[in-house]
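*Asks:* Residue strings, one per chain:
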Amino acid sequence: MNNDNNNLVDSIRRATATSIDRRGFLKLTGLLGGGFVLASVTPSLFGADANTAPLIANAELNAFVRVTPEGKIVIYSANAEMGQGIKTTLPMVIAEEMGASWSDVEVLQSPVNELLFGQQGAGGSTTVPRTWDQMRQMGASAREMLIGAGAIVMEVPREELTAANSRVTHDSGNFRTFAQLASLAAKQPVPDVATLEFKERADYTIIGKAISGVDNSVIVTGGALFGIDTRVPEMLYAAYQKCPAIGGKVVSANLDEIKRLPGIVDAFIVKGNDNVMELLDGVALVGTNTHAVFSAKLKLNVQWDEAKASKDSWARMATDAAALQGKRGGDPLVKKGDVDAQFNDQDHTTHEAFYEYPFVAHLCMEPMNCTAHYKKGAAGAKDTVELWIPTQGPGRAYVPMKTMFVLEQDQVTIHQMRLGGSFGRRIFSEYICEVTEISRRVGKPVKLTWTREDDIRHDFYRVGGFQSVKAAVNKAGKLVAFENHHIGMQTNGQPVIGTGFTANEFPLENIDHGYVSNTMFEIKTPCGPWRAPRSNTNAFVVQSFLDEMAHKAGRDYQDFLLEILGESRWLEDGNIRAMHTGRAAGVIKLAAEKAGWGRKMPAGTGLGLAFFFSHAGHIAEVAEVEVDANKRIKVNRVTVAVDVGPIINFSGAVSQVQGAVIDGLSTMMTQKVTMEGGRIQQSNFHDYPVLRLPSAPIVDVHFIQSDYRPTGLGEPALPPLAPAVGNAIFAATGQRVRKMPLSEEGYSI
Amino acid sequence: MPKYTLKINGADQTLDVEPDMPLLWALRDTLGLIGTKFGCGIAQCGVCTVHVNGTAMRSCVTTVSSIAGQKVTTIEGLAKGDQLHPLQQAWIELDVAQCGYCQAGQIMSAAALLATKPDPSDADIDAAMAGNYCRCGTYLRIRSAIHKAANPASALFYDATRAQEQPA
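Each protein sequence line maps, in turn, to chains B and P. When we follow numbering that gives the first Met the number 0, the leftmost residue of the first sequence carries the number 0, and every step to the right adds one. When we follow numbering that gives the first Met the number 0, the leftmost residue of the second sequence carries the number 0, and every step to the right adds one.
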């Protein structure tokens, strides 16, 4: 169900596909520092054969570890850290297999070099499953090389040695520290990956523990980490004004007036390439500080040519969609059994409903920004550019650098900066292209910072949409048929990222009669992945509507859901990232048990249950919600049961679930982006609010640490939240919520 | 341009800036104190929170000219030498941050609260922290960390890095 993200990840891979033989990268990594340098190789991105991919033949460096003579174990984190905790999580896996003491570990962000590290992006809750084997291999091969060195130094058979607590210890108790062995270990042969053995879970001393994030001490003392913190000698500051109607072209601007403003160094028109993912037309303002360019931006007067700009109107989309309510779309995407016969059966109870969800913005707390230093090559030398980017996919930046600026990878240096939030936003590269062009024009290093208004009005939004749903239950109250007319969005005839209702959406694979049709509205508003793309809206519709059906059937929703799931099985044989009905039932039962599902609730208070499978994660949530006479709601508690396999960093995993619940609540309550005449109507936090601390519910998190491969947790805890809260509101009040945000229906929090 | 002198983190700083220059950009761009973040520019999100004479203020709408001669503390000046403020310590121990971008502002708001209410109730925390957004949703740990910093023995403190959250 996360094909959008997979496609993005695939595109990153295609863009950066490369390989290098093992000796080659050892030589390269050897250049990067003294001490013991161990490189590892990685398989291709996960697939059915991810466990058994021929690792050496497919050599692609992912990360590496270095032991200093002083005993520090430096582990490089190669992937983008945006708050999902990967910079702590992946090194924990390496340290575990290596036998390191966590207190000896220092984690550094690796340079961006996909020749050395492989794909360095992060997204789609895929980084853990994609790198789990590589990280264990890296740690285990380091361990074997250290043990090999220990065997030489201690003159004992290697079988009598073990690695733990940053030491190699002989059965006799004799030991050498990793630091003592480091230089000799580096000369040991890199073991054949096929010979590596990994620790049993019962022997873990780091994996599964709660480890505080490796950047925390810098974060709490205000050190430089984020893209926006970049400072380069002689750096200028820039702002960039694009047309409020997305895609409009610059005709003219009051540049002479702007250039006279205090602190302004230059102002000029940038002609774009009409590609919203690269460079749209705009006016660049360059000055000596951010305030100067932000102030000048307010005085900027631009004549726009909006002939080809977006004319999108949310009001019109809503009107057009309402006219389709209860009707079918065009050719069915799914036609299974005979839904009409089920709907028309006199013994069945049939019910239909219409759901709506808006466009929403990403609203990263750190607005889009990037620093670029474009240097013209002197005396016939090639031009180069150095970039400091808070990005989810540093490798993606090479593509427009080549296509737009004719810079090959060896002319581009990228620094991966920490991201102040992303949620799918910083997979795009347009802010990078903008600043590269500005730096090229002024010939100086430039930091471009977007205002919050730019950030909200020029996003790649979570797509809005509508679904007209219909279902039937039989006399016994069992779901027998499900139909969905999905009304989504397309651009140039192609469905946008995050829209759609596919054949593997729950409950289509679990019942005999299903029908899905589509209507697509053509839009120009850019859309992109937003925390659990597609799942974050489909869960709301399906899990709310199935709760409606359970009520129509007079059934308990837990029982109704478990019955739909049926016997315990994978829904797609051989696909370990598919849904498993037994795992689904496991989390539903656990969440229900921990929440006290079925207990009698006080008047005005209700429990709501929802389950959703996305990003290979099985998650159920029960919300306890209080609603007063003025439709003011209080979410007292959300109980979450999670099966994403073994938990690597317990603290980080709990954080992701707490955060997803609060983010989901924030979004469903008040957030909505609308557009009229192609102009986004929201601009800052006053008209696009975020949930505040006093409204945050208690979140109880329970993990089923199954023996399946671990998978990511950045996204899958979000989708079940909205239907769980909606179902709880129904339980408390008898009022069904079918439209997000709830503020549109008079609810407040 | 006029010159203004402020005492920032204990040291006198003379700033040669326009009268409408917000403290935020003087800190970040002029002085290189990048710990104070930019979020909205309209005092809505709290990521730019600093102390002016001990009071939590939004530096994005506080002009340098309006606070000439006054005492400013930023996140960089919260620790006493190598000794972290108890809030900073609690933030690390409870692994509060996710992306981390808003956390300097959160800590500065919390520090102003503790300066006047050394052992705050949940209601005190609600009132003092409602102006600080966190898109990642770290609010439960922020609440825990404030309680822990104030009084580790407080019945209101629970370890939010554990799965089971205790109701206050």
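If you are wondering where the hints come from, they were derived from the structure by calculation, not from laboratory data. Heads up, some of the hints might be wrong.
[Unchecked claim] No farther apart than 16 Å at their CA atoms in a straight line, the calculated lysine to aspartate or glutamate pairs in the EDC-like style are these:
#1 B:K335 / B:E592
#2 B:K381 / B:E407
#3 B:K298 / P:D125
#4 B:K296 / P:D19
#5 B:K633 / P:D125
#6 P:K2 / P:D19
#7 B:K270 / B:E305
#8 B:K208 / P:E92
*Asks:* State for each hint whether it applies.
*Replies:* Verification of the supplied hints:
As the CA atoms of B:K335 and B:E592 are separated by approximately 35 Å, the hinted pair breaks the 16 Å bound. This hinted pair checks out: B:K381 and B:E407 have alpha carbons roughly 10 Å apart, not beyond 16 Å. Distance restraint check for B:K298 and P:D125: the Cα-Cα separation of roughly 38 Å exceeds the 16 Å cut-off, and the hinted pair is therefore not satisfied. The suggested pairing of B:K296 with P:D19 holds, with an alpha-carbon distance near 15 Å, which does not exceed 16 Å.
A threshold of 16 Å between alpha carbons decides the hint, and for B:K633 with P:D125 the separation of about 14 Å falls inside it, so the pair holds. Proposed proximity of P:K2 and P:D19 is supported: the alpha carbons are some 12 Å apart, at most 16 Å. About 14 Å separates the Cα atoms of B:K270 and B:E305, which keeps this hinted pair within 16 Å; it holds. With a C-alpha separation of about 13 Å, the suggested pairing of B:K208 with P:E92 holds against the 16 Å cut-off.
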